[in-house]
Each structure stands twice: as structure tokens, then as C-alpha cells.
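Positions in the sequence shown are counted from 1; adding 266 to them yields our numbering.
It is worth saying that the hints were derived from the structure and are not from the lab. Computed from a predicted structure; not experimentally measured. Note that the Cβ used here is the ideal one computed from N, Cα and C, for glycine as well. Incorrect hints may have been included.
[Claimed, not checked] Below, simulated BS3-like cross-link-like pairs (lysine-lysine); rule was C-alpha separation at most 30 Å, straight line:
| hint | residue 1 | residue 2 |
| --- | --- | --- |
| 1 | 432 | 411 |
| 2 | 408 | 432 |
| 3 | 416 | 432 |
[Claimed, not checked] Just the calculated beta-carbon pair ranges, DEER-fashion:
| hint | residue 1 | residue 2 | range |
| --- | --- | --- | --- |
| 4 | 359 | 408 | 22 to 28 Å |
| 5 | 271 | 295 | 21 to 27 Å |
| 6 | 272 | 455 | 25 to 31 Å |
| 7 | 357 | 512 | 35 to 41 Å |
| 8 | 346 | 267 | 33 to 39 Å |
| 9 | 292 | 424 | 20 to 26 Å |
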Amino acid sequence: MIHSAITLRTLDGDADLFIRTCTPVRGDNGRTLVIIHGAGEHGGRYGHFVRHAVEAGWTVICGDLRGHGRSGGVPTHLDRFDQYLEDLDLIWKHFNLKQETTAVFAHSMGGLVAVRFAQTRTDRMAALALSAPLLGLRVRVKMLKRAVGKLCSVVRPTTRFRTHVKVSHITRSDDVLESREQDPWIERSVTAGWFFQVQHAVTAAHLEAENFHVPLLFLQGDADEVVNHEMANDWLAEISSTDCTQRVMPDHLHEIINEPGWEQTADEILAWIEPRMIPSEEPRRVA
267 MIHSAITLRT LDGDADLFIR TCTPVRGDNG RTLVIIHGAG EHGGRYGHFV RHAVEAGWTV
327 ICGDLRGHGR SGGVPTHLDR FDQYLEDLDL IWKHFNLKQE TTAVFAHSMG GLVAVRFAQT
387 RTDRMAALAL SAPLLGLRVR VKMLKRAVGK LCSVVRPTTR FRTHVKVSHI TRSDDVLESR
447 EQDPWIERSV TAGWFFQVQH AVTAAHLEAE NFHVPLLFLQ GDADEVVNHE MANDWLAEIS
507 STDCTQRVMP DHLHEIINEP GWEQTADEIL AWIEPRMIPS EEPRRVA
């Protein structure tokens with residue numbers, strides 16, 4: 267596997283995005299998989315899945331969203347949710363990604379980013395695999411804290427609040443939990459501005475569900491206590507995609523690709539994506 271990393275200056279000039287690229291030593295299959303991580307984490311946590319995909323012949327692009335991991339910007343903060351989408355535009359342009367040869371795997375809040383990207387840009391990806399996408403929260407925020415946060419989002423949007431996600435709800439893998447606990451790039455708080463921008467994006471994703479046309483693989487753990495299953499199902503019932511596969515994973519918690527037996531899940535994801543891609547013989551820039 268050939269690994270490289272670059273930084274890209276965001277269009278608004280507020281951050282440098284840290285982008286990892288990995289390609290097979292003996293050449294790829296003409297297809298690119300873009301991985302979009304969840305809130306408070308970073309692309310480096312997907313190294314095992316990246317290696318798995320590269321071994322199957324994929325070129326993989328796995329960056330850190332602004333305010334996450336090694337990317338610049340105020341940690342887990344947004345002025346506008348569309349900043350995430352504009353950052354993806356930059357990545358697509360830099361790597362000259364073509365719709366017919368590009369697929370996306372996105373987890374949790376990254377899934378919400380991918381959904382909004384697909385709803386507002388109709389020519390970016392051939393297929394999308396969502397892992398426990400954030401289309402509604404199951405974790406409840408107390409009314410007083412929410413009210414204070416709403417006020418802060420207006421008068422001081424960078425005010426920080428601890429997240430409510432319990433570590434025990436993330437994965438059943440003790441090794442992953444231990445690694446996460448020691449990871450210096452994990453962020454355990456978000457800003458008031460970030461929280462309400464994400465909430466607005468969730469609302470928009472539902473209101474514009476009919477604008478989603480991309481072939482979709484939807485993965486959800488039946489033991490997930492982080493995202494709202496009912497709201498996800500409501501969204502699925504409204505989308506316009508005619509190629510949609512929903513897979514409920516028995517006993518799985520939130521981080522499906524970090525659960526025991528993840529290799530089989532990874533194989534299923536790649537096997538589902540593969541026939542929806544069209545090979546390309548055009549050269550691609552990978553750095």
C-alpha cells in the first residue's frame with residue numbers, strides 16, 4: 267500500500283484540511299472510495315478499513331473534517347454546516363474525482379455530511395454506503411442545557427459543551443475503546459454553534475429527502491443507542507433513490523466498522539459498491 271498525506275487550504279481560508287490517500291502497490295481498479303468520519307473523531311481511526319479496501323484494489327481518500335483530527339479550524343465548530351460540503355467540493359476538485367468512479371463511505375455525523383452533499387450536488391458519487399448516519403439523535407439533551415446552548419449559539423457560538431455519548435455505546439471492542447481513550451485527536455466536546463448547525467442540517471436532510479437519488483447501502487446496528495432509528499427509517503421512506511439496500515446489523519452498536527467481525531462487514535460494503543461503479547482508464551492525481 268502506498269500512503270501519502272497532503273493539506274488543502276479551505277476556500278474560506280479558515281483551515282488546512284489534512285487528507286490521507288492510499289493506493290495499491292500494483293495499481294488500483296480505477297475506482298476511488300472516499301471515507302467521511304463522524305463527529306469528534308478523525309480519518310486515522312479508519313486505517314483498518316482503508317487497508318482492507320486498498321487490498322481489494324481501491325484507491326482510498328480519507329481526510330479529517332475541519333475542526334477534527336489534524337485539520338485546522340476551531341475544534342468541532344462550524345459557522346455554517348455548508349462549510350463541510352464546500353470542503354468536500356475542494357477535495358473532489360483537487361483529486362479530479364468523477365461521479366461514475368467515486369463511491370463514499372460515511373459514518374454517523376459524516377453520514378449526515380454525505381447525505382447533504384448528495385442532496386445538493388447531484389453529480390458527485392456513484393454510490394453511498396452509510397454507517398449509522400446522524401439523521402436524528404437518540405441521546406437526549408436536557409432542556410435547560412439546550413436552551414443555554416441555543417443562546418450561546420447566537421451570542422458566543424464557540425462556547426463548548428461536553429458530549430453526552432457514553433463510551434460503552436460506541437463499540438463492543440475493548441481494543442478499539444482503549445485505543446480511542448488514548449487517542450490525542452479525539453474531541454469530547456462540541457461548540458454551541460456546531461450543535462445547532464448540525465441540527466439545522468438534520469432538519470434539511472428530512473425536508474429535502476426527495477432530492478436524494480444516489481444508490482444507497484444503509485447500515486444500522488440494532489443495539490445503537492446514539493442515533494435515532496425511527497427518524498432514519500422515516501428518512502428512508504421519503505428518499506427518491508430506486509436502488510436502496512437497508513441492512514440491520516444484529517447486536518451491533520454505533521461504530522459498525524469497529525465492531526467484532528468488521529472484516530465481513532467491510533467485504534459486504536465493498537461487494538455492494540463494486541457493481542455500481544464504472545471503470546475508468548483516465549489517470550488520476552493522488553497527491
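Let me make sure I understand: some of the numbered hints might not hold for this structure. Which ones are they, in numerical order? 4, 7 and 9
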